[in-house]
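There are 2 protein chains.
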Amino acid sequence: MGKSPQARGLTGALMIRSLILLSLLAGAVVGGRNQSYNFDVEYIFGAPDCKEHVVMGINGQFPGPTIRANAGDTVVVHLTNNLHTEGVVIHWHGIRQLGSPWADGTASISQCAINPGEVFTYRFLVDKPGTYFYHGHYGMQRSAGLYGLLIVDVAEGEREPFHYDGELNLLLSDWWQQSVHEQEVGLSSAPMRWIGEPQSLLLNGRGQYNCSLAAHYSNSSSNQCNLKGGEKCAPMILNVKPNKTYRLRIASTTALASLNLAIGNHKMLVVEADGNYVEPFTVDDLDIYSGESYSVLITTDQNPNNNYWVSVGVRGREPKTPQGLTLLNYLPNSASKLPVSPPPVTPKWNDYNHSKSLTKSVLARKGSPKPPSSSDRRMILLNTQNKLNGHTKWAINNVSLTLPATPYLGSVKFLLNHTFDQTSPPESYPANYDIMKPPANINTTTSSGVYRLQFNTTVDIILQNTNAMAPNVSEIHPWHLHGHDFWVLGYGEGKFSEKDEGKLNLENPPLRNTAVVFPYGWTALRFVADNRGVWAFHCHIEPHLHMGMGVVFDIEGRFVKGIPSEALACGATGKLMAMDGKYP
Amino acid sequence: MGKSPQARGLTGALMIRSLILLSLLAGAVVGGRNQSYNFDVEYIFGAPDCKEHVVMGINGQFPGPTIRANAGDTVVVHLTNNLHTEGVVIHWHGIRQLGSPWADGTASISQCAINPGEVFTYRFLVDKPGTYFYHGHYGMQRSAGLYGLLIVDVAEGEREPFHYDGELNLLLSDWWQQSVHEQEVGLSSAPMRWIGEPQSLLLNGRGQYNCSLAAHYSNSSSNQCNLKGGEKCAPMILNVKPNKTYRLRIASTTALASLNLAIGNHKMLVVEADGNYVEPFTVDDLDIYSGESYSVLITTDQNPNNNYWVSVGVRGREPKTPQGLTLLNYLPNSASKLPVSPPPVTPKWNDYNHSKSLTKSVLARKGSPKPPSSSDRRMILLNTQNKLNGHTKWAINNVSLTLPATPYLGSVKFLLNHTFDQTSPPESYPANYDIMKPPANINTTTSSGVYRLQFNTTVDIILQNTNAMAPNVSEIHPWHLHGHDFWVLGYGEGKFSEKDEGKLNLENPPLRNTAVVFPYGWTALRFVADNRGVWAFHCHIEPHLHMGMGVVFDIEGRFVKGIPSEALACGATGKLMAMDGKYP
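Going down the list, the protein sequences come from chains A and B. Under my numbering, the first residue of the first sequence carries the number 29, and numbering increases by one thereafter. Under my numbering, the first residue of the second sequence carries the number 29, and numbering increases by one thereafter.
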C-alpha cells in the first residue's frame, strides 16, 4: 500500500503546499502533468427522467464529462459560455484551490460570472487523490444540470491503501419537471412558492419519471419501464465480473434530497469520504448528503447467475419521489435479466438514529493528520428560517446572505469597501434562544458582510440547528466549506454548550469538506485557515443557499497575488479602468 | 397648430443636435427637465393570456411602466438587474441617442449587459415628440415580456399639428406558452426547432388563451371568456366619450407576428409613424409590423348606446392565433355590454396587395425634412435563410451575424481589434443570384464583422428579399435602424436594379426607424450617418435576429467621448485594468 498524502504530518503538508504555491506562481508544475479540457456550457434538450427538458450540458453531454487526473496534476479547463443571456461559473467541489482562490468557481465570491461568449480558464492543482465532482455555483444552475465527476487517482507510482480490481462511478442527483428559472422565481416570491420534492432521482443523470424499473415486484400502480436501451434516460448499468472487488465512487450533487444507497445482497466497505481516507467500516446501506462523496468497496461474491438492484431513496424529508434504480449486472448475464429479489428498501425517512449512526461511523483512517488541540476562535452559527418583507429566508445568526455584484476577492484585494457590507455578521446567537420553537423573527436582516479570518489560525465552527418556521419541524442541512477541509469533531443533540466540550473527538475525527447538522442538533467543526482567499461556507441544499443560508470567510484575500484579469472583469473591478479619461 | 420639429429645415435640426450634444456633454440640459425612473427588472409570475407564466417584469409590472416626457427632456432610468443569472439591457426603440450612443441599450453593441445586482443609469435626450417604446435587447428577453411604452409629448408651449380630446394607448405583442429559454435552445439546436405561431396576441399585455371575448358570434368551438374583471388577463378597456376625437397610439413589440388592427365601425386617420408626422390618410384597418408605431385619430361618432370591438389579427404568415380583442367602451355604457356586431375581420393573411397599399400610403407630412438628393454609398443587403453545420441561420449577403462578448463601442473606441472580426461583410450579392429560388447555400459564414460608415455621409440601403429555404416561401421582414431615422424611398417587386432608380421617391418619403421588406421584393432606404456610435440594423423579428439576421454600423465610434465606465465594465474593456500589477 502506498503512503497516502494524509499520512504526512501537517507541517510537511504545509511545506508542500508552499512549494506548490511557489511553483504555480512561477508557472511551473511540480511532479504533475497538465490535464486539459475544453468545456462548452450550453443548454441542450435532454430527457433525464424520460421526459424532455432543457438541461444545462457541457459539450452536448449531461452530466458533463468526467475529469480524471492524478494527484499532483494541474487540471486546466477552458470554459466557454455558450448560454444566451446567463453568466456561468463552475465550482470544483472538494478541490482546495491551494494558491488559486480565483479558480474556486463561485460567482460573486471568487470571480465574476463568465459572460456569454467569454472563455475563462480554470487552472488548479489536484493535490489529493479522491472522489470529487464539479458543478455550477451561480444562481441555481446546479439544479439545471451543470455538474459532473472529477476523479483524482493517486500520484503515478503510488498506490491506494486498499485493493480493488475495477471501478464504478455513481453521480447522484435529483430532478424537477419545473424549470430552474421558475423554481428561482417561486423561491424569491412573496409569499414563497416552495419547489416541493423532486419528481425523480437520477443515477449518472438517468432516472425514470412515469415508470419503475422494478414495478413487477410492487403492488403500486406504476408501470414497468418499457425502455429499449437507446433512450437518454435508460439506466447506466454497472457491469461487474463475479468474485472481484470494485471501488464504487459515489457523489451526491442533489439540489435538495438527502439520499440512501443500497445494493441488493451486497455489503459495502466505506474507505473514503470527501477525498479523505476513512477507517474502513461495513454497511448495508449508506446515507449520502448533498455535497458528500464516498468510495465503497464491494465484492461480487453473490450468486453469479443473478443481477442485483442498486437503489437510491430519500432521507430526512417525507419522500414523494420514487427510488432511483440501476442494475449491478454480473457479466456475462444479460442486462435485461431482472433481479430475482426486489430492490433494497430505503430506511424510514425519519429514522434519524440510523442516519446518525452511519454518519458517526465515518472516522479518520489511522495515520491521518490530526487537528490542532485547540482553536484560536470559535463561531456558533445558528440557522433559522425567517420571514423578511413577506419573503421566506434562511439566516445565520439572524443574517441572511446576499451576494454582491463585485466578487469579494476583487473587493478585498483592492479595498473596494463600498461593494459590500463592511460589518461582519454576529459570531453567535442570544443565550436564551429556544431552539425547540419556531424563531421569534426579530430583526432578521440580509447582508453581504463577511467573517474576516486571520491566516493560519485555527477556527472552530459550531453549526447549531433549530426549529424551522413551522412547529415541530427541523431540517437536515449539509454544510460545505470551500478552500479547506475541516475535521468533524462531533455531533450532538440540542444546544451546544460548554459541557459538550469534553465530548469532542480530537483523536480520529474525519477530515471532510461537507458535514451534516441533524434536526435540533449541533455539529462541531475545526479547520486551519491556511488558504488565503475568500471562501463560501454554506448549506449545500441549492434552494436553501438561494434563500440566504451561507456565510463567507475572507482569509486575508487582500494578500492574494496573481489573480488573472479575466476573473475580475466585471462590477467595480471591471470599472476601475473604464473611468473616462483613464483609458489608453 | 404648433410648429413641429419636423418642420424645421435639416440644417436647423443638425444645429440643434449639436447644441444639445454640447450641452449634454457639459452636464446641462437645454429647455428640458429630467424625467427620472427607477426600473427593477425581475421575473414575476404573470398570466398574460390567462395561463400562468414566468414573465420578465419591471417594478413588479408587466408590461413595464409607461415612460412619459416632453420633447427636449432628458429621460433618466436607473435600471437595477434583479434577475438571478441573466444580464439585461433595455433599448429605447426610436430614440436616436444623439450624443449618447452608450445608452442605446444593445448588449454586445453599445454596452455590456448589466449583471445581476448591478445598476446602470440610462440618460438620454428625447428630442422629438412621438410614440415610442422600449424593450430588452439581449438574447430573446423581449419575447420574455421586457417591454413598455415611451411617449414623448411636444415641448411645453408647443402644440401637435392636429387636435384631439383624449389619448388611448395600445402596446401590441405576441405570446408563447413555451418559455423563452426553451425557444432559444430550440432555435439554436441542430436541427432547429422553430417556435411556431404565437398562442396569443396581447393588447397592453393582456390576451386570452383558451377562450374568446367574442365567442358568442362565432361558430367555432371556443368558449366565451368568463372573466370577472379582476384577472391579470382581463382586457384593458379603452374608455371613450361620444363625439370626441381620440389619439390612439399603437406600437408593436411582437416577437414574430405582423399585425392588422381594426375598430368596429370606426375609421382611423393615420397621423404619425415611428415618431414622425405623416401626411394624414384614412384607413379601415392598419397593418403594424414589429418595431413600428403609429398614431391614429378616431372620432367617436357612432351609436353611443353601443360598444365596439378593437381587434388585432395576424398578417403575412398563415395565422394559427386567435384575434386579440378589447373594447372601445362608449361611456357611460357598461364595459360588460358586448358589441352588437362581431369583431372586424382581419384581411386574408396573404393579401399582400392590401398590405403594400397601406404601407405605401405612409408619406411624410408636408414640411418634413427631405432626404439629400443623392447618396455617398449604397449597400444592397440580401437576406437568405441558410444551413450552417446543421443549424438554420439567417444571413445578409451570406454572412450571419454573431455578436462578440466585448461591446463594439468599447472595442472600436479603444482599438481592441482582436475582439471582433475586422473584415467587413460584403456590400452586395452576386449579380446572377436568383431570388425566386431557395438559396444555393454556398460558403455561408457567421461573422462579427461590421460596416464602417464615415460620419455625415449619406447611405442608401436596399433591402433585398428572396426565397427562403423552402420552395415558394418568402417572408416579411421589418428592419429597424438604431441611432437614426431613415427615409423610405420606395418599395418594389423582384430584384432591385438600376431601372428602379428613377422610381424612388425623393419628394415626400416618410422618415421612419422601421421598414418592412415584402416577399420577393425590395425596399430602398436612405439615411445620413450623423450620429457617432455603433448601431444595429436588423430584422425586428426576435427569432430572426437570434438566427443572425442583422448587421452593425460603426459610425466613427472611435471618436465617441464620454462613455460612462459602467457601460464597458466587461470583456476586453473590463479586463484592461484587471491585468495584474496594473491595479492601484
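These aren't lab readings, by the way, just hints derived from the structure by calculation. Values in this document were obtained by computation on a predicted structure and should not be read as measured data. Treat the hints with care, since some could be wrong.
Which copy? The list can't say, so a pair holds if one copy fits it or any two copies do.
Said to hold, decoys possible - The list that follows gives simulated cross-link-like pairs (lysine-lysine, DSBU-like), each with its CA atoms no further than 35 Å apart:
#1 LYS415 to LYS256
#2 LYS415 to LYS260
#3 LYS260 to LYS348
#4 LYS384 to LYS465
#5 LYS465 to LYS272
#6 LYS398 to LYS260
#7 LYS398 to LYS531
#8 LYS384 to LYS398
#9 LYS527 to LYS394
#10 LYS388 to LYS260
#11 LYS398 to LYS348
Against the structure, the hints come out as follows:
1. LYS415 to LYS256: between (49 Å within a copy, 33 Å between copies)
2. LYS415 to LYS260: Between copies, since 27 Å is at most 35 Å while 41 Å is not.
3. LYS260 to LYS348: both (23 Å within a copy, 33 Å between copies)
4. LYS384 to LYS465: Answer is within: at 22 Å inside a copy they meet the 35 Å cutoff, but 72 Å across does not.
5. LYS465 to LYS272: For LYS465 and LYS272, the Cα distance exceeds 35 Å both inside one copy (52 Å) and across copies (66 Å).
6. LYS398 to LYS260: neither (45 Å within a copy, 62 Å between copies)
7. LYS398 to LYS531: within (16 Å within a copy, 90 Å between copies)
8. LYS384 to LYS398: within (23 Å within a copy, 83 Å between copies)
9. LYS527 to LYS394: Within one copy only: 28 Å inside, 92 Å across.
10. LYS388 to LYS260: neither (38 Å within a copy, 54 Å between copies)
11. LYS398 to LYS348: neither (41 Å within a copy, 71 Å between copies)
In this structure, the hints that do not hold are numbers 5, 6, 10 and 11, in rising order.
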